[in-house]
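Peer 1: In case you want the letters, here they are:
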Amino acid sequence: MSDVAFYDFVREPFLKLALWVFFLGIAYRFFRVLFLGIPHDYAKPKGNPYYMAVKKIVIKPTMGWTFREIFARRAINFIGGFMFHIGFIGLTFLVPAHALLWREITGLPIPMMPNIVSDMLAYSAFGSLLVLTVHRALNPVLKLLTGKDEYFANLLIGLILFTGLLATKWAGSGYIWILSIHIFLADLLIIYIPFSRLSHFVYYFLSVGFMGWNAGKRGVSF
Amino acid sequence: MPVLSKEEIEKFYEFCKKSINTEVASYLEACVRCGICAEACLFYMGVNVSGRIDPSLTPAYKADLLREIYKENYTLFGKLKKLLGFGVRISPEDLREQVKLVFYTCTNCDRCTKACPMGIDTPKLVSIVRGALTHAGLTPKDLANATNLSIEKGSPLGVDIPTFLQRLEFISEEYEVEVPINKKPSDYLYLPSSIELMKFPSSVAAAVKVLNRTGINWTMSTVAHEATNFGLFAQSKEVTREMLRRVLEGAKELGVSYIITPECGHAYQSMRFIAPNIFPKDWTFEVLNIVEFIDRMIDKGRISIKRKVLKERTTLHDSCQIGRRGGVLRESRRILKMLAEDFQDSVLIPEHNICCGGGGGVLVIGEADQYRQKAFISKMTLFDKVEAKTVVCYCANCMLALTKGNQELGRDYRFVSIVELVAEAMEGEE
Chain A
183 MSDVAFYDFV REPFLKLALW VFFLGIAYRF FRVLFLGIPH DYAKPKGNPY
233 YMAVKKIVIK PTMGWTFREI FARRAINFIG GFMFHIGFIG LTFLVPAHAL
283 LWREITGLPI PMMPNIVSDM LAYSAFGSLL VLTVHRALNP VLKLLTGKDE
333 YFANLLIGLI LFTGLLATKW AGSGYIWILS IHIFLADLLI IYIPFSRLSH
383 FVYYFLSVGF MGWNAGKRGV SF
Chain B
14 MPVLSKEEIE KFYEFCKKSI NTEVASYLEA CVRCGICAEA CLFYMGVNVS
64 GRIDPSLTPA YKADLLREIY KENYTLFGKL KKLLGFGVRI SPEDLREQVK
114 LVFYTCTNCD RCTKACPMGI DTPKLVSIVR GALTHAGLTP KDLANATNLS
164 IEKGSPLGVD IPTFLQRLEF ISEEYEVEVP INKKPSDYLY LPSSIELMKF
214 PSSVAAAVKV LNRTGINWTM STVAHEATNF GLFAQSKEVT REMLRRVLEG
264 AKELGVSYII TPECGHAYQS MRFIAPNIFP KDWTFEVLNI VEFIDRMIDK
314 GRISIKRKVL KERTTLHDSC QIGRRGGVLR ESRRILKMLA EDFQDSVLIP
364 EHNICCGGGG GVLVIGEADQ YRQKAFISKM TLFDKVEAKT VVCYCANCML
414 ALTKGNQELG RDYRFVSIVE LVAEAMEGEE
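Residue numbers (our numbering), protein chains in the order written: chain A, 183 to 404; chain B, 14 to 443.
Quick caveat, the hints were computed from the structure, so don't treat them as lab data. Please note that a few of the clues may not be correct.
[Stated by the list, open to error] Sample of chain B residues lacking proximity to chain A, with all beta carbon distances greater than 10 Å (derived):
no.: 1; residue: G48
no.: 2; residue: E110
no.: 3; residue: T126
no.: 4; residue: R285
no.: 5; residue: V322
[To be verified] Mimicking DMTMM-like on lysine to aspartate or glutamate, the simulated pairs with C-alpha atoms at most 25 Å apart in a straight line are:
no.: 6; chain 1: A; residue 1: K226; chain 2: B; residue 2: E255
no.: 7; chain 1: A; residue 1: K228; chain 2: B; residue 2: E440
no.: 8; chain 1: B; residue 1: K92; chain 2: A; residue 2: D331
no.: 9; chain 1: A; residue 1: K399; chain 2: B; residue 2: D308
Just so you know, even glycine gets a beta-carbon here, dropped at the ideal spot from N, CA and C.
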């Protein structure tokens, strides 16, 4: 297969397949949990559970802990996690090349970020991913909690970030191959998300919603 | 622990499987394995003070077996794995580890939930595992004995009706208070806990003084004479229901509209949040914790705090089930500010306070002592942070656990009941 044929394959039919698997898989996982049902709670709430559920979904990332407490305990988790998520989400949607792709797929006017910002986000996401992975492998608590799923996901995301940087900075004559591998790996990640813990973003709305609902029921602030 | 049969493991498995609903599945699916909950747990922090890290005490890890059972019954991938012969295999050692994780080193204090970026209610998951272990007959012996006693005699400390009446007679004579019993009709029913009756009678006397001073029409009951509900500790639905049924029977017989729960965390939790779901039609009472009630009475002007009774540096210990899980956090602080000249809160946000280490039945389990003692070290850091030796509590079980830890570790903190302080402060000049 030539480099152009491979590019066409990963850029068109395989990407479409990946997106179908992603949306169907995510929908299945979300609705499967949603339809399990929940018993009615007859205890009179002390506060407003519905308001608290919405409030927590919106502001939960700020949490109820002071910065000093957060940094004293898990600075690597918080700083690394924050840098990685900002970088990963920003790169996925707003890098000029990606924004053009999303515009084509969705028809929406997705904004583009300047190249200098893309570069900064890419390096910070890649660096923080490396640090987080090493931390995961060495910290006794994280070591116990981590399975193959986390390492595979980190490896896949790391390779996507690396090939993305390679394609934009140092590809030279192998540009189409490297770009195609980058897209291929991204397709694999899109397919992998519904089968892994990377789909946690779907459950954020449910678990944090329930947490807020319970806080409202009990009349506590968080 | 006895030798485990296949049937017992099967019972554990089935209980876990049947306990899954949308909320539980959301928590099980949402965990991102970040481990942030570890540093929120008093047992993890306490054990690690010695430098020996025990990662198995991480709250997220406590739900792992339940998570595996959920996956193979409710997810496509898990079902496929089971079909191919790669399903969950539970050994007797696994269940022994579960007993340590959920009965010895978790008080259901809920602090980990507040730290979790995904809002996972680990106590809810731990309660399911506790229930499954109890269903399989694996409740720790000490806890099982106390739970059985509460069914047989009406109280985990063996306080039956004659003993209940004797203790009230003693309190009435010793503290010179008038205690109404089975007075019909009454508006309010006050239930003491047997821990208070037997170990802290002065707290009961103080509650009686406060109730009498408010001028409300109240009574105690010989039918509903025990507030504590050990069914919650063992997560036995049958025991929880039976203990609450007795309260319901007593309250209905007296025709009351309000139930006042004592300084006892699980009593408030069971009557305020669980009973309405067990008896949705009959449980029509408004349930107030004694601290909530006092705050309301002060607000209405029915009692007044006439003087500050604590001169020294004082801090507050929150009961998790009344405070963090019950929403009575601001009331205790408002009252204590009136009682103490130098009140220093040990936490910036009330929901952050650390558990006593003896909640959730941990206090009665002998095998859990070594963990409870280390957890007390986590608790002490808060007292020392504000340099307070006097600690005000609003749960008798907390008082008992803290007093025990204090003695075992040779410390000199003084633990006092907030209701006793209120009773004292109602007397004398302003």
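Peer 1: Look at each hint and say if it fits the structure.
Peer 2: Outcome of the hint check:
Residue placement check: B:G48 does not keep its beta carbon more than 10 Å from all beta carbons of chain A (closest about 4 Å). Residue placement check: B:E110 keeps its beta carbon more than 10 Å from all beta carbons of chain A (closest about 12 Å). With 10 Å as the threshold on Cβ separation, the claim that B:T126 sits away from chain A is violated: the shortest Cβ distance comes to roughly 7 Å. Distance to chain A contradicts B:R285 as a non-interface residue, since its nearest Cβ pair spans about 7 Å, not more than 10 Å.
Residue placement check: B:V322 keeps its beta carbon more than 10 Å from all beta carbons of chain A (closest about 28 Å). This hinted pair checks out: A:K226 and B:E255 have alpha carbons roughly 22 Å apart, not beyond 25 Å. Restraint check: the Cα-Cα separation between A:K228 and B:E440 comes to about 32 Å, which exceeds 25 Å; the hinted pair is violated. As the CA atoms of B:K92 and A:D331 are separated by approximately 18 Å, the hinted pair is consistent with the 25 Å bound.
Distance restraint check for A:K399 and B:D308: the Cα-Cα separation of roughly 20 Å lies within the 25 Å cut-off, and the hinted pair is therefore satisfied.
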